Amino acid sequence: MKISGSQALMRSLVDQGVDIIFGYPGGAIMPVYDALYDYREKIRHILVRHEQGAVHAAEGYARMRGRPGVCLATSGPGATNLVTGIADAIMDSVPLVCITGQVYAHLVGTDAFQEADVIGITTPISKWNHQITQADEVPEVIAKAFYIAGSGRPGPVVIDITKNAQVDLFDYSKPKKVKIESYKIPQNANRQQIKKAAEILNSAEKPMIIVGHGVQISKAEKEIFLLAAKSGIPIASTLHGISVFPTDHPLYVGMVGMHGKYGANVLTNQADAILAVGMRFDDRVVGRITDYAKEAKIIHIDIDDAELNKNIFVDLSISADAKKALMQLIPLIKKNKHEEWVREFRRFDEIQYEKVTMKELNSQKDKIKMAQVINMLSDKTKGQSAIVADVGQHQMITANYYNFKKPNSFMTSGGLGTMGFALPAAIGAKLAAPRREVIAVIGDGSFQMNIQELATVAQEHLSIKIIILNNNYLGMVRQWQQLFFDKRYSFVDLKNPDFIQVAKGFRIDGEKVEKITGLSSAIDRLLQAKKSYILEVVVEKEGNVFPMVPVGAACDEVVLE
Amino acid sequence: MNILYPSTITIFSENKPGVLYRIANLFLRRKINIESLTVSEIKSKGLSRFTIVVKEDPKVVEKITRQLAKIIEVSDVYTHNDDSLIFKEIALIKVSVKDQDQLKKIESIAYQFQAPLIHREDSVVVIQKSGSEEDINFLRSVLEKFGIKELVRSGRIALEKGKGQKPKITSNEIKNTSRATGSIDVSIIKKIELLSRSHKDVISLAQGIPSFFTAEHIRQAAKNAIDSNLVDKYTPGYGIPELREAIAEKVKRENNIHARPEEVIVTHGGIEALMAVFMTLLNVEDEIIVPTPDYASHITQIIISTHGGKPIFVPLIEQNKEWVLDVSRLEQAVTTRTKAILLCNPSNPTGKVYSKNELEQVAKIAKKHNLFIITDEMYEHFLYDGRSHISIGSFKGIEDRVISVFGVSKSYAMTGWRIGYIVATKKLIDQIFKVHDSIITCPTAVSQYAALAAITGKQDIVSYYKQSFEKRRKIVVDELAKTNMLSYTMPQGAYYCFPKLKKSVNDVELAIRMIKEAKVGVVPGSPFGLGGENHIRISFGCEEEVLREGLRRLVTYLNTKL
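Protein chains in written order, with my numbering: chain A, 1 to 561; chain B, 1001 to 1562.
If you're looking for bench data, these hints aren't it; they were derived computationally from the structure.
Everything numeric in this text was worked out from a predicted model, so none of it was measured.
Glycine included, every Cβ here is placed at the ideal spot set by N, Cα and C.
Any given hint could turn out to be false.
[Stated by the list, open to error] When the alpha-carbon atoms are kept at most 27 Å apart in a straight line, the in silico BS3-like pairs for lysine-lysine are as follows:
1. A/K294 - B/K1105
2. A/K324 - B/K1088
3. A/K310 - B/K1367
4. B/K1063 - A/K310
5. A/K294 - B/K1502
6. A/K177 - B/K1059
7. A/K184 - B/K1063
8. B/K1070 - A/K179
9. A/K310 - B/K1321
10. B/K1519 - A/K184
11. B/K1503 - A/K196
[As the list claims (entries may be wrong)] A few chain B positions that, by computed beta-carbon distances, are all more than 10 Å from chain A:
12. Q1100
13. S1355
14. K1502
[To be verified] Restraint-style ranges between C-beta atoms, simulated for each label pair:
15. A/V14 - B/L1028: 47 to 57 Å
16. A/M1 - B/G1018: 31 to 41 Å
17. B/D1083 - A/E181: 25 to 35 Å
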């Protein structure tokens, strides 16, 4: 039977198990929306208010569910509005299938109305992209898109479908299993390399494991747990590795990187062996490269071959799936304890507590500090909520003060650092896991970048808890201006709207708290609300995030105040 | 700054739209300039092969290689340095031509570079050159003086040496030999000889070996030297004093060269002598002029000595049954880079003997342009029709710029003993000795005593050999008269005849075919340089009966099969 390209697209999406699409209609995607109307029982469409909202929501969905998020946009501006989110997804290895409408094939290249070279624009920021110009391409290309997006190191795929391909009829048949000769995904690790890795770790006196996003993506949290238990090796994490390992575990030593834990950063440079799993030695993690982990033999496990020896040269690079490699490694690891070595981390923790944490958690006068909010939130939720952080000071405070105890509970824009990420991502995360408490922690600057998505929250009757940490500044930029630009506060001062009034305009309840005395009960109301709720917390205006490894410093050159 | 060597990246990908964009984009993002890029579909349908040349830090190249491998459509990426590759590119060069004279010059340059003229009009010709980037640049620089109208290059295409693309890690692989040696084929003469031997019942008229055994008194001298314990240790690197004295005597007596014994080096045959001379004189950028056709080994020796440079060929003119030196063309070939003129006299393969006048002209040019003259006078004793040999080293006023090379191989039927010698001024000898010493330390002791006996002993064997060769020459002439397929210039010296095929054929293919089909081996003319094409070289060093039968086969083949 002949069906249209759009109908074939719907069948393909259902075949891929898609239950939610985030999108925004427009001229060149209308045939697809028309087909979607017939599928509204099977596929829920979330009508966002801006395509950037759609793509971040799809990211939130994908990260929570561990499968590709789907977004739909029209040609031209619809497609270009996706660009930031696509770039965000490639940086943070988020599987997406972004479907964009395109003008008729015969008009492509003529500067037709709402035409943009989507393939050209998205090539450098997508894992793969393809323009469908004939209806009969749809089934195979969509199958391929999902396979590529979700496998190996996940990433965004862009499928641009010309209008004629959406409307033309063809004989549909189910596509065969996708097989791409040129696309190879590392699976098991080389046995000799694993043996070597075990030797290095077994003989090390000051070993350390750094877990990254890859551990979460390959669902290897259990393996990390077992490895830690058996080897006694302390576990540090990257920003995206947060929540992979319970923060209250005696071997957890915290986040590494620019605003990471004092001990984890300093002792990186004293470790004699580092096992890095599913992370990529980002410049925010390593600091001054020439002085990074000089004492350590570094073992790097990553599924993306191009990451191996990219940022730093390692002693042993293992191209493999993290879970599989860890399963191979664990039996070769000797049971061991590194009590004295772990105690060294704790000694640094004490210093950090004294010099930073204690001050952050005890406000002067009546003012509220960001850390107090997050710390209280952590206590009240017992570290069980799914936290979506935006980008800025509040993000780093959340990473440091929320005591995650459940895997897959922290989500933020790490690689690209996209302000405006959290609200739409929280929408996606909530839709992916309706039973989880999803809390978005957002700065006043970030909140206004995708504030329009409050309408989506209201329209879809979602229950999302939003905490705005409002210091009426672009706080992180201000902190840098204070520390590195002579306190010349150049255009960071925000005269904000009344967020609660704005929320009310969107038909969302909320309240504002300015004094420490009111904080606890305000958080309680936030958590107890059945519907979405906004808590605006006015925080100390010029609070800074410490510890900090300044740009250009080595990772053990930590500034505490 | 570090010198960056080219890295060649080979990419296999699906042959689909947009792959080039994805690849190019990676280079753009990392600000890596692409020196050249070629793409084509390969044997397995649906796959493309990209060859990209970049000059970058190897670490950066390795990173981009991994990034390239990440592109979904890309299946394999390999990176190589030049040593592990066979690579070429093609250039089409459009050159202005003003007149016939210029056309002739361009043709000769094109020939030297083995670059065919693929198109000609009144005012321009198009030359097609395939080779390495350096080869093409070299040709371009030579052609620049004529005015290059247009030049287009294909970009590099490359294959990995050995079985094919292997894993990227090449660090344990054995390094390659020099570019110069890599570019040289084993001498065609040797190849034909090998081929002759591998085919049963083939008569070889290919290699220039006299049929005679070394004379008894020479062998006896060698035996005596062995028995007197004279040959067990190194001799002086220059050769034993007695032999150097004998040689000084000999060149005075026969060649009219007044050299002291200190101005003689005894060598391991003429070939080592020449190699040592070339290596002493030539820098990489230097040019050496060689009248052609000329002994193919001279050409390869020059290429090696100049690390891949090429001799400048000046073709002899074959007219009125004689090979004549084109003196004006010789002088035109001189550039600021010219270092020397090489003269093989009597000439292998043409059998030409340079006239006194020609030698005087060469001497004049050498003096005028401050050039060395290097000789190869291996066949000095085999001149026919009453001619006598003139050594250019005997000319007054150029003594300090002539390096004369002789040997006992041909004159005394001693090719296996490997003794030759260099005669030049002390100043040059001192320099040449450094190379000579580095190559062989000293000539074979026993052979030196044999050579001493040969040079100081009775000389009637030499004239006997000469008469024999002259008779054999007659046989060649008689036999060749039986075919219309060849025309020839009567050899004046040496023991080679170098006839021309009247039909235009590929002489190398013909030589190979003749071995297989006619059971006779001759050397094709092309390897002897410009003017050698369409010729074959017949050696009449072999015995009369063998020679006759070989020629009969040759003639029959040419008459019936060509």
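B/K1502 non-interfacial with respect to chain A [C-beta, more than 10 Å]: Per Cβ check, B/K1502 is outside 10 Å of chain A; nearest 57 Å; holds.
Beta-carbon spacing of A/M1 to B/G1018 - inside the hinted bounds 31 to 41 Å or not: Given range 31 to 41 Å: holds, Cβ gap about 32 Å.
27 Å limit on alpha-carbon distance, applied to hinted pair A/K310 and B/K1367: violated (62 Å)
Hinted pair B/K1503 and A/K196, Cα distance within 27 Å: Cα-Cα ~71 Å, so violated.
Restraint status (C-alpha distance of A/K294 to B/K1502 at most 27 Å): Between A/K294 and B/K1502 the Cα gap is close to 77 Å, so the pair fails against 27 Å, i.e. violated.
Satisfaction of the hinted span 47 to 57 Å by the C-beta atoms belonging to A/V14 and B/L1028: Given a distance of about 39 Å, which is not inside 47 to 57 Å, the answer is violated.
Pair hint outcome, B/K1519 versus A/K184 [Cα-Cα no greater than 27 Å]: With a Cα-Cα distance of about 56 Å, the restraint between B/K1519 and A/K184 is violated, given a limit of 27 Å.
Restraint status (C-alpha distance of A/K324 to B/K1088 at most 27 Å): violated (45 Å)
Pairwise hint evaluation, A/K310 against B/K1063, where the allowed Cα distance is 27 Å at most: holds (6 Å)
Interface-negative label, B/Q1100 against chain A, beta-carbon threshold 10 Å: holds (52 Å)
Given pair status - B/K1063, A/K184, alpha carbons within 27 Å: Roughly 18 Å separates the two Cα atoms, so the pair holds.
Chain A versus B/S1355 - minimum CB to CB distance exceeding 10 Å, so not interface: holds (70 Å)
The structure fails to meet hints 1, 2, 3, 5, 6, 9, 10, 11 and 15 from the earlier list, while all remaining hints are met.
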